[in-house]
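Peer 1: Sequence:
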Amino acid sequence: MTTFRIAPSILSADFARLGEEVRNVVTAGADIIHFDVMDNHYVPNLTIGPLVCEAIRPHVQVPIDVHLMVKPVDRIIPDFAKAGANIITFHPEASEHVDRSLQLIRDNGCKSGLVFNPGTPLHYLEHVMDKIDIILIMSVNPGFGGQSFIPQALKKIAEARRMIDESGRDIMLEVDGGIKIDNIAAAAAAGADTFVAGSAIFGKPDYKAVIDAMRAELAAVKGA
Numbered sequence: 004m005t006t007f008r009i010a011p012s013i014l015s016a017d018f019a020r021l022g023e024e025v026r027n028v029v030t031a032g033a034d035i036i037h038f039d040v041m042d043n044h045y046v047p048n049l050t051i052g053p054l055v056c057e058a059i060r061p062h063v064q065v066p067i068d069v070h071l072m073v074k075p076v077d078r079i080i081p082d083f084a085k086a087g088a089n090i091i092t093f094h095p096e097a098s099e100h101v102d103r104s105l106q107l108i109r110d111n112g113c114k115s116g117l118v119f120n121p122g123t124p125l126h127y128l129e130h131v132m133d134k135i136d137i138i139l140i141m142s143v144n145p146g147f148g149g150q151s152f153i154p155q156a157l158k159k160i161a162e163a164r165r166m167i168d169e170s171g172r173d174i175m176l177e178v179d180g181g182i183k184i185d186n187i188a189a190a191a192a193a194g195a196d197t198f199v200a201g202s203a204i205f206g207k208p209d210y211k212a213v214i215d216a217m218r219a220e221l222a223a224v225k226g227a
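Here our numbering is used: position 160 in the sequence shown is 163, and no number is missing along the way.
Hints in this document: simulated from the structure, not taken from any laboratory. Glycine is no exception: its CB is placed at the ideal position from the N, C-alpha and C atoms. Some hints here could point you the wrong way.
[As the list claims (entries may be wrong)] Simulated pairs of lysine-lysine, DSSO-like, Cα-Cα distance not exceeding 27 Å:
#1 Lys74 - Lys134
#2 Lys114 - Lys225
#3 Lys74 - Lys85
#4 Lys85 - Lys134
#5 Lys158 - Lys225
#6 Lys183 - Lys158
#7 Lys114 - Lys85
#8 Lys183 - Lys211
#9 Lys134 - Lys158
#10 Lys114 - Lys74
#11 Lys225 - Lys211
#12 Lys114 - Lys134
#13 Lys183 - Lys225
#14 Lys114 - Lys158
#15 Lys207 - Lys183
#16 Lys183 - Lys114
#17 Lys225 - Lys207
[Unchecked claim] Restraint-style ranges between C-beta atoms, simulated for each label pair:
#18 Lys225 - Asp77: 25 to 33 Å
#19 Glu96 - Asp185: 25 to 33 Å
#20 Ala58 - Ser151: 25 to 33 Å
#21 Asp185 - Gly32: 15 to 23 Å
#22 Ala161 - Thr6: 12 to 20 Å
#23 Pro124 - Arg60: 31 to 39 Å
#24 Asp77 - Val55: 16 to 24 Å
#25 Lys225 - His100: 37 to 45 Å
#26 Gly146 - Leu125: 18 to 26 Å
#27 Met132 - Thr6: 18 to 26 Å
#28 Arg218 - Pro124: 29 to 37 Å
#29 Ser151 - Phe18: 31 to 39 Å
Kindly generate the complete structure, drawing on both the sequences and the hints.
Peer 2: This is the structure in structure tokens:
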């Protein structure tokens, strides 16, 4: 039986009261806190670093899922592990040695994974599946919150699901970008089990109502 996980992205939260925001969204039913790190180099935006991760860590017991949109990646991986991250993912194009970066994440006690932009092929996975705990499929081009879901991502989710199933390994399949109540079921049907949602949750007055509605959509897929 598939376990579905909702992972609100704090990129869309109110940063003036971030501790309260993460507590509230976990109380509302979130399974994971998604933490977007952008460097104004690999992507055209600048967001948050290890100090913010360290600051929110005491506020929640759920895993913190750090998505590194930075280049290079190796220098900052240990900092986020020390700051309380549980999962660290990065883009293969941002690492000179993908295998080494994945191992570095694991050596620092975190689950490791790769992130695939809409235009990035999945072939990077072929030789490193033994070091992968999570695959993140971007359904928007990274850099900014509030973008619209790119439908072509459903094919890539399905392809990644096939690779996971053929590997026989226990690997999470996450999707990030434009996920809302009205498209989460399609992403689940394609094979995703973990769903990042930013503005769809933090942009609404009642976080629990949104998460409950998403779970209802996912329950319908599970029951199909």
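Peer 1: Would you list, in rising numerical order, the hints stated earlier that this structure does not obey?
Peer 2: The structure breaks hints 18, 29; every other hint is satisfied.
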